[in-house]
Amino acid sequence: MSVLYMVLPLALIIATVAVWAFVWSVKRGQFDDLETPAMRILHDDTEARRPKPSDERKSPNS
Amino acid sequence: MSSPEAAAADAAQVACAHCQLPVPESLLEPGEAHQFCCHGCKTVYAMIHAEGLEAYYDLRGEEDALPVKNVAGSYEELDDPTFTARYCSARPDGLVTTELYLEGVHCSACLWLVEKSLSQMEGVAEARLNFAQARLKVMWRPDAVPLSAIASRLASLGYPAHPARYGTKDVTQEEERKLLIRLGVAGAVAGNVMLMAFALYGGWLSGMEEEYRTLFRWGSLLACLPAALYSGWPFYRSAFHGLRNKVLHMDLPISLGIGAGFLHGLVNTITGRGEIYFDSVSALIFLLLVGRLLQLRQQRRASESTELLYALTPSSARRLGEDGEARRVPLEAIQVGDRLEVQAGEMVPTDGVVESGASAVDLSLLSGEAMPVEVRKEDQVWGGTTNLQDTLVMRVTHAIRDARVGRIAEMVVDAAQSRAPVVQLADKVAGWFVGIVLVLSVVTFVAWRILDPAVAIDHAVALLIVSCPCALGLATPLAITAAIGKAARRGILAKSGAALEALGQLKKGILFFDKTGTLTHGRMEVVALVGPDWVKPLIAAAEAGVTHPVGRALRKACLDSGEAPTADEVELVHGGGLVAEVGGHTLHIGSPRFVRAHSLHDRGFAAQVEAWSQDALTPVWVAVDGRVVAAAGLSDRLRSEARASVEALARQGFEVHILSGDHPSVVSAVGRALGLPEEHCHGGQSPEDKLARVKAAAAEGQVVMVGDGVNDAAALAAATVGVAVHGGAETCFAAADVFLQKPGVDTLSDLVEGARRTTRTIRNNIIFSLAYNVLGASLAMTGLLNPLVAAILMPVSSLVVVTNSFRFQFVRAPEERA
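Quick note, the sequences are listed as chains Y and S, same order.
Note that the numbering used here numbers the first sequence so that position 1 is -13, with each residue one more than the last.
Note that the numbering used here numbers the second sequence so that position 229 is 232, with each residue one more than the last.
In short, the hints are calculated from the structure, not lab data.
All figures in this text were calculated on a predicted structure; none of them were measured in a lab.
Every residue gets a Cβ at the ideal spot worked out from N, C-alpha and C, and that includes glycine.
Some clues are possibly wrong.
Said to hold, decoys possible - In silico DSSO-like pairs for lysine-lysine, Cα to Cα no more than 30 Å straight-line:
hint, chain 1, residue 1, chain 2, residue 2
1, S, Lys249, Y, Lys13
2, Y, Lys13, S, Lys380
3, S, Lys431, S, Lys249
4, S, Lys510, S, Lys140
5, S, Lys431, S, Lys181
6, S, Lys431, S, Lys559
7, S, Lys119, Y, Lys13
Claimed, not checked - Here are some chain Y residues pointing at chain S (derived, C-beta under 8 Å):
hint, residue
8, Tyr(-9)
9, Met(-8)
10, Leu(-6)
11, Leu(-4)
12, Ile(-1)
13, Ala1
14, Trp6
To be verified - Computed beta-carbon distance windows for the label pairs:
hint, chain 1, residue 1, chain 2, residue 2, range
15, S, Glu212, Y, Pro(-5), 15 to 25 Å
16, Y, Thr2, S, Asp405, 51 to 61 Å
17, S, Arg493, Y, Met(-13), 50 to 60 Å
18, Y, Met(-8), S, Tyr204, 19 to 29 Å
19, Y, Trp10, S, Val339, 48 to 58 Å
20, Y, Ala24, S, Pro746, 42 to 52 Å
21, S, Leu778, Y, Ala24, 31 to 41 Å
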């Protein structure tokens, strides 16, 4: 059971990294608008099904 | 709600290919595969197909569609350097970004259409729409495409764009992010501490070696540190401020519980004896922050009041330079003394005096009057009103901030800021809650000191921790979040929970109704038409091109009987009516005074005018070839459900009044139709008068104001609860607490009922959580509490509050109603 001395601090370190990642994404504004991305998910499916009328027009949308 | 005849007529009508609303018979084009209800829809339909964006119709599905608002415009003012300097930011890579507020965004298909269509444009790098705020963030290359082209594209799709102009939005954004970070930390901590706590629970049950017990205790302490110090900080700060100002609210017992729990655990971990409660403490912090975030999110949804000013007036105006050339400039660039050109159908940009031209303006935005007012040289015109007939050239006398509409917007802001915040029910409870808990913990300490001194402090602290009002802290935000969601599904948009609570706590009070657009349809309609049928097509022909509401109403009333010929010649006469040549006949249509001057009158039409003035109908006479042959009575028709709604509201305990800018005789007539006493009908009220009345009533009791349009905005903000009704300016929402999406006032009693149920739910939540606190306190005082029991007790109480909040019905289902 002495592995606990290694595992517990490791778990806490991983948690710290996760929190840091969360803070990073909040500061970059990824949590500001939670409604619109939910709608956007549906859109991509529909788009893939329909063929584009003019193929030479490139779409700059990422 | 429509009669069977109307329903049958609806069924027979053709649906617009774009918006699915019925196409009026007059606009049906035989032989065409697709029919449209208006030019706007037709244009958008063609554009969507040209761009290959037909998926829009699939995406929109069953959503309620709206006909397209047709807004023409070159938007050249968006390319003006003044605009760029103020609203755009340039990036190092040569792209420019700005934010535009879009009208008409109401479903996810709109989102798709806007983003897709713009991203297909050359030169546009990114277009992202924030749906909830209808704000579009666009990034483009100015040398490849001008902003005006982007705005024109949006307008042609049916989404007119305005510059998004307010800065204070950033402040609350920052606040919310900080809170979210605290919440994230608290959540991570709670999870990890809970893991370690489980290990410790297991240790009690089946034994654990001392060294590992110590390890987990120190681990819990370390993990809990960031939560207690960082995440919990807002509670301590708020409790401290509350103490300093002698205001007791929920944060005080919360801080006590968390603080005592953490310190006690700290001491026990260092000394190695006694129980630790880090698991309860960190879970408490997490859940309470959730409640806090919910509250903050709701507050942020409230629009900024300063936005009100800019949304009321056009964002640009056509200024005449020295050379006589008209150029579009942003509104901010307009100065006193500038000469502006305002065309028919456009909004007057700011206050000024007419230099040349003669026309009629629609003052309903400022006065609520449905009848347009004639203006000519030297007459005053006001910003926000609509020019109806002819081009006017005006000289600016006030910049937009000093214009009448600007000062009204300021009144709105002042009234909104001075409104006392509604004291939440939970905070009322907090006061005596703290006192009782403190007294009890002292009693516990003293009692156990006598019985078994070693555990005295443990039990006293356990009491403080378990009585920490987690469920109480959640009781209000959860119920309100749920209520707002339920209300929204019924078309009632509440800006904040405080409004719902205030409305729910109202036992009785005064309810002020605006008349135009709220109780009435807000449109002039022909209510009575006396005359032979052959006159009708002639009238329709004569009024064909008229933008005046009276003319439009006449045309609408006369058009559905047979087809209309075209008029050969139409001449508008200011101050009276029009003269037209149709099919060889000369028509005079206008006020009785006008028509009398140009023709013979008799046939009892004068008596008709008398009778109609009793009902406050506006009379219009029609003379053909010098003889009066027909008369029409027009009024702004009362909504069919108005009377029933007023009666329902009276039953719910309100004293109903009417406040209107329209003539007192018209207002009295409406009051009579609704069954209201004469002294409750107030006509001839300017926006300033309305505000004064509402303020006076608010000083004596609770006031609810129901209105529509800018002329009600200040009064809405000053009332205890302001309700904006569909059809009013979008901006009314900034001043009002609640916005009814569906047209008409029948949802008003639903709103009151729902608000009362919400308050009841909050009250029930508080009672439940108090019951659990009593249970927990008894266990702590008798020494039966340990961290495991506390850890079970708390989630249960929170769970009860959560289920109670989400399962209550906002309004009784229609089939249950009498």
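Going through the hints against the structure:
1. For the hint pairing Lys249(S) with Lys13(Y), the CA-to-CA distance comes to about 36 Å; that exceeds 30 Å, so the pair is violated.
2. With a C-alpha separation of about 57 Å, the suggested pairing of Lys13(Y) with Lys380(S) is violated against the 30 Å cut-off.
3. Our distance criterion of 30 Å between C-alpha atoms is met by Lys431(S) and Lys249(S), whose separation comes to about 14 Å.
4. With a CA separation close to 45 Å, the supplied pair Lys510(S) and Lys140(S) exceeds the 30 Å bound.
5. The straight-line distance between the Cα atoms of Lys431(S) and Lys181(S) is roughly 28 Å, inside the 30 Å bound, and the hint therefore holds.
6. Proximity of Lys431(S) to Lys559(S) is assessed by CA-CA distance (about 57 Å); at most 30 Å being required, the pair is judged violated.
7. Proximity of Lys119(S) to Lys13(Y) is assessed by CA-CA distance (about 28 Å); at most 30 Å being required, the pair is judged to hold.
8. Taking 8 Å as the C-beta cut-off, the interface hint given for Tyr(-9)(Y) holds, the closest approach to chain S being about 7 Å.
9. For Met(-8)(Y), the interface hint is violated, since its Cβ never comes within 8 Å of a Cβ in chain S; the closest pair sits about 11 Å apart.
10. Satisfaction of the interface hint for Leu(-6)(Y) is found here, the shortest Cβ-Cβ separation to chain S being roughly 5 Å, below the 8 Å cut-off.
11. Proximity of Leu(-4)(Y) to chain S is violated relative to the hint, the smallest CB-CB distance being about 11 Å (cut-off 8 Å).
12. A hinted interface residue such as Ile(-1)(Y) counts as satisfied when its beta carbon comes closer than 8 Å to some beta carbon of chain S; here the least separation is about 11 Å, so the hint is violated.
13. Below 8 Å, beta-carbon pairs count as interface contacts, and Ala1(Y) has one with chain S at about 5 Å; its hint therefore holds.
14. Here the hint on Trp6(Y) is broken, as its CB sits about 10 Å from the closest CB of chain S, past 8 Å.
15. Remark: the range hint 15 to 25 Å for Glu212(S) to Pro(-5)(Y) is upheld by a beta-carbon distance near 18 Å.
16. Hint check: Thr2(Y) to Asp405(S), Cβ distance near 56 Å, so the stated range 51 to 61 Å holds.
17. About 58 Å separates the C-beta atoms of Arg493(S) and Met(-13)(Y), a value consistent with the hinted range of 50 to 60 Å.
18. A C-beta distance of roughly 23 Å is found between Met(-8)(Y) and Tyr204(S), which places it inside the suggested range of 19 to 29 Å.
19. Between Trp10(Y) and Val339(S) the beta carbons are some 50 Å apart, a value that agrees with the proposed interval 48 to 58 Å.
20. Between Ala24(Y) and Pro746(S) the beta carbons are some 29 Å apart, a value that contradicts the proposed interval 42 to 52 Å.
21. Checked against the hint of 31 to 41 Å, the C-beta distance between Leu778(S) and Ala24(Y) comes to roughly 40 Å, which is consistent with it.
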